[in-house]
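Whenever a hint applies, use it, and build me the whole structure from the sequences.
There are 6 protein chains.
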Amino acid sequence: MAKRDSKTGAANRVGKSRPGAAAADDTRITALKLPAQPLSPEMAAYFAKCEEKLGFVPNVLKAYAFDMTKLGTFAAMYNDLMLAPSGLSKLEREMIAVAVSAHNRCYYCLVAHGAAVRQLSGDPPLGELIVMNYRAARLSPRERAMLDFAVKVTAEPWLVEEEDRARLRHAGFADRDIWDIAAVAGFFNMTNRVASATDMRPNSVYHRQSR
Amino acid sequence: MAKRDSKTGAANRVGKSRPGAAAADDTRITALKLPAQPLSPEMAAYFAKCEEKLGFVPNVLKAYAFDMTKLGTFAAMYNDLMLAPSGLSKLEREMIAVAVSAHNRCYYCLVAHGAAVRQLSGDPPLGELIVMNYRAARLSPRERAMLDFAVKVTAEPWLVEEEDRARLRHAGFADRDIWDIAAVAGFFNMTNRVASATDMRPNSVYHRQSR
Amino acid sequence: MAKRDSKTGAANRVGKSRPGAAAADDTRITALKLPAQPLSPEMAAYFAKCEEKLGFVPNVLKAYAFDMTKLGTFAAMYNDLMLAPSGLSKLEREMIAVAVSAHNRCYYCLVAHGAAVRQLSGDPPLGELIVMNYRAARLSPRERAMLDFAVKVTAEPWLVEEEDRARLRHAGFADRDIWDIAAVAGFFNMTNRVASATDMRPNSVYHRQSR
Amino acid sequence: MAKRDSKTGAANRVGKSRPGAAAADDTRITALKLPAQPLSPEMAAYFAKCEEKLGFVPNVLKAYAFDMTKLGTFAAMYNDLMLAPSGLSKLEREMIAVAVSAHNRCYYCLVAHGAAVRQLSGDPPLGELIVMNYRAARLSPRERAMLDFAVKVTAEPWLVEEEDRARLRHAGFADRDIWDIAAVAGFFNMTNRVASATDMRPNSVYHRQSR
Amino acid sequence: MAKRDSKTGAANRVGKSRPGAAAADDTRITALKLPAQPLSPEMAAYFAKCEEKLGFVPNVLKAYAFDMTKLGTFAAMYNDLMLAPSGLSKLEREMIAVAVSAHNRCYYCLVAHGAAVRQLSGDPPLGELIVMNYRAARLSPRERAMLDFAVKVTAEPWLVEEEDRARLRHAGFADRDIWDIAAVAGFFNMTNRVASATDMRPNSVYHRQSR
Amino acid sequence: MAKRDSKTGAANRVGKSRPGAAAADDTRITALKLPAQPLSPEMAAYFAKCEEKLGFVPNVLKAYAFDMTKLGTFAAMYNDLMLAPSGLSKLEREMIAVAVSAHNRCYYCLVAHGAAVRQLSGDPPLGELIVMNYRAARLSPRERAMLDFAVKVTAEPWLVEEEDRARLRHAGFADRDIWDIAAVAGFFNMTNRVASATDMRPNSVYHRQSR
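Protein chains in written order, with the numbering used here: chain A, 1 to 211; chain B, 1 to 211; chain C, 1 to 211; chain D, 1 to 211; chain E, 1 to 211; chain F, 1 to 211.
Note that these hints are calculated values from the structure, not bench results. Take the hints with a grain of salt, since some may be wrong.
[Unchecked claim] Cut-off 16 Å, straight-line C-alpha distance, at most; resulting in silico cross-link-like pairs (EDC-like, lysine to aspartate or glutamate):
{"no.": "1", "chain 1": "B", "residue 1": "Lys33", "chain 2": "C", "residue 2": "Glu162"}
{"no.": "2", "chain 1": "D", "residue 1": "Lys152", "chain 2": "D", "residue 2": "Glu163"}
{"no.": "3", "chain 1": "F", "residue 1": "Lys33", "chain 2": "A", "residue 2": "Asp26"}
{"no.": "4", "chain 1": "D", "residue 1": "Lys33", "chain 2": "E", "residue 2": "Asp148"}
{"no.": "5", "chain 1": "F", "residue 1": "Lys33", "chain 2": "A", "residue 2": "Glu52"}
{"no.": "6", "chain 1": "E", "residue 1": "Lys152", "chain 2": "D", "residue 2": "Asp199"}
{"no.": "7", "chain 1": "B", "residue 1": "Lys33", "chain 2": "B", "residue 2": "Asp199"}
What follows is the structure, given as structure tokens:
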């Protein structure tokens, strides 16, 4: 029977009776049993570069490591979209990643890319805001138009029409930028679903980054 | 015209051209101009207690301070629901607050009560998880049943029926506990809407708490 | 096996085989077994005043009577919001109550506050209309703007922005009025959920009032 | 500027400054200007029968009277579905009409068929309940299965599958009854939309019937 | 266990192990066992005319043939709405049928009326487009306004207001045309639901027509 | 003013006054002006292979040809997912493509992959059915479980949990197959959005294939 007095409830019932919420996230990366394959030389170099630059290999890469072709095509597309030259800054691309992932309520992507927004912007509350509700953030008209488009194409892609693209052009985006907004929003609509479908867990280190 | 090279994008375009996302949150608390009234002795004591215990007065209390009756009734209901003895621990009540506020995407409540979950649980990722998607958290059956009920009564209250209450009883909740789950979920459905309707901003200090 | 002839169907199958739809609503007020506590002197006086003015004690008050603190805080907030001086008339506040409860399809609140709209307006069809679809009512621009805001903050609070408040100001509402619209809408979003979560039943007398 | 004191708000602002909500409903039946044609002998007899039995001609018939073929086909289908022998009682068919119209929030149909449920059942609160939320009514398993099917086929017809029909059979419905449930639900999904598209207004007399 | 090599997957697993998707559609017309009644002379003539003009009797007519009154009222309403003189061309009425049925994802109506759009327009891709997403079609302003209204009244009839009718008038539609758009959209909201509720199957011949 | 007689409506108003619905789809491939770059040797070989095998280069490849890196990463991921060995047959992967694209109402992907389902299955109505409503198709339990998962992860990825994966395992899918279902569903959630955001048009030849 439930106790009436909750003074010690948190400590007694919850705090001690279970491990931390992210406890197993670094060891049981997805709900699928897919044994990692030996890394190809190219992927071994990529993992080494991650370790060097980030201090760890993102769990999504480990999740794809059961198949070198899949790992390679995923990494190639990710790196082109998020890191190659673009009319969108890296921060803007990460903001799209988080706004899309917030609509889709994707744990993995919100943790990993929320950290990226905090770090690239040097403004931790900005990362929080886009996770929670980007409409409550004080965004520039350019940023707002960009996220409105990315979220509309996420939520109701069948309603996107010329006037939506016109709004982006009015906010200063070139056609190539519109492609990039669509491509980044599209990419996270893919990864959100792969992550949710497989219960992919983010590296626990992200939670503490850039707070 | 947009630049193709984004190497310095974050720093140039965003980092320097705007203040932090939470910059004005402590000075412009809502979008309404409602001058604060002199605090009644009771409310002055309450504010002093907040300063002493928390180190600050939560912005929601300042937002209600244009009218002592409204401030008083809000504080009385809040304190009874969230702090008085109950079959639900304080952490459980805060978990409900966050799960409901996540459904409603309420910036104020997610920031303030997300911090409370981090602090009461001693497990920062748990706070993150419930903000993002409580279904991805590794909850006890009791916690999961509690949040499923709170979110259903938030999202589609017209569909709640006896079998939903039966599920709570099966998970060990007494009738009084069911009332408390409903009352806490109901309360945050109220405050989420007052906060969203008035663009209420959380104290910036919450962002860094218990990380 | 089902009969083909329905001539006497209504009388035979339904009318006689079950009690009226509101038959038990005055005796089994919620689905929870929460024994009433002795009324505090303040609450006893309040109940007596209800009996005197209305001829009965609203079931919602009886439902809260298992705990004098919860009854007291609920009654205090209700009375301030719905009866204290405001830029909104009492009828306008009841119209918000009904429009919000219609969105949430809350039996208790639609019955009790639908009756209030019928009575305060002296126009029974107005109460019906707001229960069914307030958009079909012939409202003044002020009333329509008020209900549009209340229903948007009910249905999609995360989408409320400055332009929604601007629309209210354009319709003549002061900032204090906007608070009151938000607070009344928020309050019924709370009570709708407490009522739905507990299957709260309205006093049967409401059904016949002000027809 | 809005007044702070609302004591006389209802009377001053609303009650006197506008006509009743149903004031024009008997004279301006739809938002379209479609002059009535001379009634055919068959339709003249039908209208006379309505006057005799009901005391009035339902506005929906007047709305269709701009074209005798459309009036005739509508009346023929309505009379077959709602009045001809069926495994469903007339009350059951009216309950479907109201539950479907409640989902679609159709003013005309809720007023007219809500009155029919009150009258046929001899239980006014039953009519109220189905307008508000049929799930809160104390229905027999047969009635509940029938309305669940009718509302599912209204809200998400693309999800109806064999297991939905199996549930009806389990509740005692024959295949012919299932057709009738589908046909009545379908019919009101048609009329709800014609009524909403044209702003069709119900005869004001319905509001007071069978209270 | 699943094979890794899929080279012959399509042929082996699917192509040979099951009949064509429309194989039984001409023999098992609905999921209900409702024996056909002898055709009345009027209906026998109607069926003969279908055979003569179309080469077959549409399955929907066979589905209604368990009851001559229901068959007759359905056929009369259908023929008036879709074939009688109107300000809407027959193609326009079929376009409404398909756009409404696409929203409701109705297999029967999309197959039968998609074929009609292909045939009447002489433009097969137009039929495809309206099945898939009418917003992607290059429609005239008149057609677009017509389908926007039909789909809004299908998806959210409770939101239709005077400004929606004004948009139709602005696009050149007379009040009588607005009625016809509403009536055709309403009719398919009915038949979509009867078809989905009974799993009605279209004549297989439609699939190959006017490609 | 609109004419009352529609006998010649289709021919007069629509058929002659506009080009076919797919008329410009092969020349104006997206709404963005992004000049094609010279093909890299690898991509030139790929395009030549498309011409040889299909008789044309799919428009999506032409749309990506403004940037060789983006074209290459897209083609590599597509070819791995849809053509490489997998526990899913090629037809099954195309069925997922169409079911996902039907939920997202994506013109490009429904046309191109609907044709692929028609061709690979040798059963044109199967392609139609999945475009319209896969739930109306007579699928094997394996196919149905696969599409239910793909559509749930498309529509509400945040609700996917272990019991959804368990259902796939129960239907005979290995963990590697579950990954592939998720990956193909995810991929089309990406391409649907890139296509909708840019108004990408399918090669007109698809419409007539495998009918």
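For the pair we were handed, E:Lys152 and D:Asp199, check the Cα-Cα distance against 16 Å.
14 Å, holds
With a cut-off of 16 Å on the C-alpha distance, tell me whether B:Lys33 and B:Asp199 pass.
12 Å, holds
Agreement of B:Lys33 and C:Glu162 with the hint, judged by alpha carbon distance not exceeding 16 Å
Roughly 13 Å between the alpha carbons, so the hint for B:Lys33 and C:Glu162 holds.
Hint check: F:Lys33 vs A:Asp26, CA-CA at most 16 Å. Holds or violated?
Status violated; Cα separation ~44 Å.
Between the alpha carbons of D:Lys152 and D:Glu163, is the straight-line distance 16 Å or under?
12 Å, holds
If you draw a straight line from the CA of D:Lys33 to the CA of E:Asp148, is it 16 Å or shorter?
Roughly 22 Å separates the two Cα atoms, so the pair is violated.
Hey, F:Lys33 versus A:Glu52, does the alpha-carbon distance stay inside 16 Å?
Violated: F:Lys33 and A:Glu52 sit about 40 Å apart, past 16 Å.
Figure legend: structure checked against the earlier numbered hints; hints not met, in rising order: 3, 4, 5.
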